[in-house]
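Protein chains: 2
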Amino acid sequence: MIFSSALLENAVNEFAKLPGIGKKTALRLVLHLVKQESGEVAQFSETIARMRNEIKFCSRCHNISDNDVCNICSNTSRKQAMICVVENIRDVIAIESTQQFNGLYHVLGGIISPLDGIGPAQLTIDSLVERLATEPVEEVIFALSPTIQGDTTIYYISKKIAALDKSRHPLKVSTIARGIAFGGELEYADEMTLAKSISNRIPVENFIVAGS
Amino acid sequence: MIFSSALLENAVNEFAKLPGIGKKTALRLVLHLVKQESGEVAQFSETIARMRNEIKFCSRCHNISDNDVCNICSNTSRKQAMICVVENIRDVIAIESTQQFNGLYHVLGGIISPLDGIGPAQLTIDSLVERLATEPVEEVIFALSPTIQGDTTIYYISKKIAALDKSRHPLKVSTIARGIAFGGELEYADEMTLAKSISNRIPVENFIVAGS
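Here the protein sequences line up with chains V and S, keeping their order. Letter 88 of the first sequence, counting from 1, is numbered 87 in numbering that gives the first Met the number 0, and no numbers are missing. Letter 195 of the second sequence, counting from 1, is numbered 194 in numbering that gives the first Met the number 0, and no numbers are missing.
Treat the hints as calculated values from the structure; they're not laboratory data. Please read these numbers as outputs of a predicted model, since none were measured by experiment. In this text, a Cβ means the ideal position worked out from N, Cα and C, and glycines have one as well. Any given hint might turn out to be false.
[Unchecked claim] Label pairs and their calculated CB-CB ranges: (1) N52(V) with D67(S): 50 to 58 Å; (2) P135(V) with H31(S): 34 to 42 Å; (3) E184(V) with H31(S): 44 to 52 Å; (4) N101(V) with E36(S): 33 to 41 Å; (5) R200(V) with T146(S): 35 to 43 Å; (6) E190(S) with R49(V): 54 to 62 Å; (7) H31(S) with K78(V): 28 to 36 Å; (8) E36(V) with A132(S): 28 to 36 Å; (9) R177(S) with M0(V): 19 to 27 Å; (10) A176(S) with M191(V): 33 to 41 Å; (11) N12(S) with M0(V): 26 to 34 Å; (12) S112(S) with N66(V): 48 to 56 Å; (13) S37(S) with S144(V): 24 to 32 Å; (14) E45(S) with M191(V): 44 to 52 Å.
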């Protein structure tokens, strides 16, 4: 692509550094911004710069946060005894958007994946075990990807949890249900999912209570 | 989507204002920026803000430019007697990238499209006629979209050109060739294109010279 303006070219190159944005898309975005009011573009660039400079990670759950402790952790109306363990910040947003979970989170920052060079030390597992040892937690829910890596991570952390001093408090550990997605067609489900959904079958009386 | 951070939410909303970027893509882009070095994000935002504040439109051809007259117009090694009329800046970049055209451009800023409320007054047609009357132009090439609107625009401007004082200089007016795209399959071409490519057929001796 040959540009007649260096300003335009630099802006296109900056956008094209973003994931999934090629040169053509970057050009479309930049030409859109050229047409906008100067104030709106200034607001765009200031919001991005400010976000990067001021954003923090919650010292308790490692979620993205405006303060040292995030809104979720500092919200006293949430169940402090329930921790949902997730892979990343996107998962927190996805679960929050369901408005079905009223406990706290713990963001691992990834899952154990030796092929990608991610071991337990790269994740916030120690911080989670520390929380379980010191906070009045009663239940841990794993909401990790249903993959081998997700299962490995659950297995590794459960071992750590089992090693905790059990005299302190009983700890329920669960993982989110795996099965056929709502609205999904049975015949298109893969074998593993279908097999899991049969072995984890739910008595209909429970199902009706849960679904109602 | 429910965010636990206002900084994150504002940044996502700003990205989601861009065309073709939904909330999920915006979130992906913002989380990517969160992971980048602070300096890189500052550079991103400064480049965008600077581009919007400093960019100009060439007073001669209305192309995007760093100065009052763009690099193309001020390049004396280009043929000043040849003007390629295009719809927008993207078309200039597309034609420049072919490295086959060595004249000047004129960016109309759109094409005549009454249904979209775009008439000749919204375009830089007067400025083009003014250029043809005052500059030593010998040839005008229309490189507009092969649509009814494109054809209408060509017709309208040709009428204006025909009304120019012809005693001054002769003016060749042409439009880019329309036909089957290179590598295209004949059977998938639409009827209009195929019909045009038959009526505008090229003697093989010219074709070989042009293609060699």
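Tested hints:
{"no.": "1", "hint": "N52(V) with D67(S): 50 to 58 Å", "in the structure": "35 Å, violated"}
{"no.": "2", "hint": "P135(V) with H31(S): 34 to 42 Å", "in the structure": "36 Å, holds"}
{"no.": "3", "hint": "E184(V) with H31(S): 44 to 52 Å", "in the structure": "34 Å, violated"}
{"no.": "4", "hint": "N101(V) with E36(S): 33 to 41 Å", "in the structure": "36 Å, holds"}
{"no.": "5", "hint": "R200(V) with T146(S): 35 to 43 Å", "in the structure": "59 Å, violated"}
{"no.": "6", "hint": "E190(S) with R49(V): 54 to 62 Å", "in the structure": "55 Å, holds"}
{"no.": "7", "hint": "H31(S) with K78(V): 28 to 36 Å", "in the structure": "32 Å, holds"}
{"no.": "8", "hint": "E36(V) with A132(S): 28 to 36 Å", "in the structure": "34 Å, holds"}
{"no.": "9", "hint": "R177(S) with M0(V): 19 to 27 Å", "in the structure": "24 Å, holds"}
{"no.": "10", "hint": "A176(S) with M191(V): 33 to 41 Å", "in the structure": "56 Å, violated"}
{"no.": "11", "hint": "N12(S) with M0(V): 26 to 34 Å", "in the structure": "29 Å, holds"}
{"no.": "12", "hint": "S112(S) with N66(V): 48 to 56 Å", "in the structure": "51 Å, holds"}
{"no.": "13", "hint": "S37(S) with S144(V): 24 to 32 Å", "in the structure": "30 Å, holds"}
{"no.": "14", "hint": "E45(S) with M191(V): 44 to 52 Å", "in the structure": "49 Å, holds"}
Violation of the numbered hints given earlier is confined to hints 1, 3, 5, 10; the remaining hints are satisfied by the structure.
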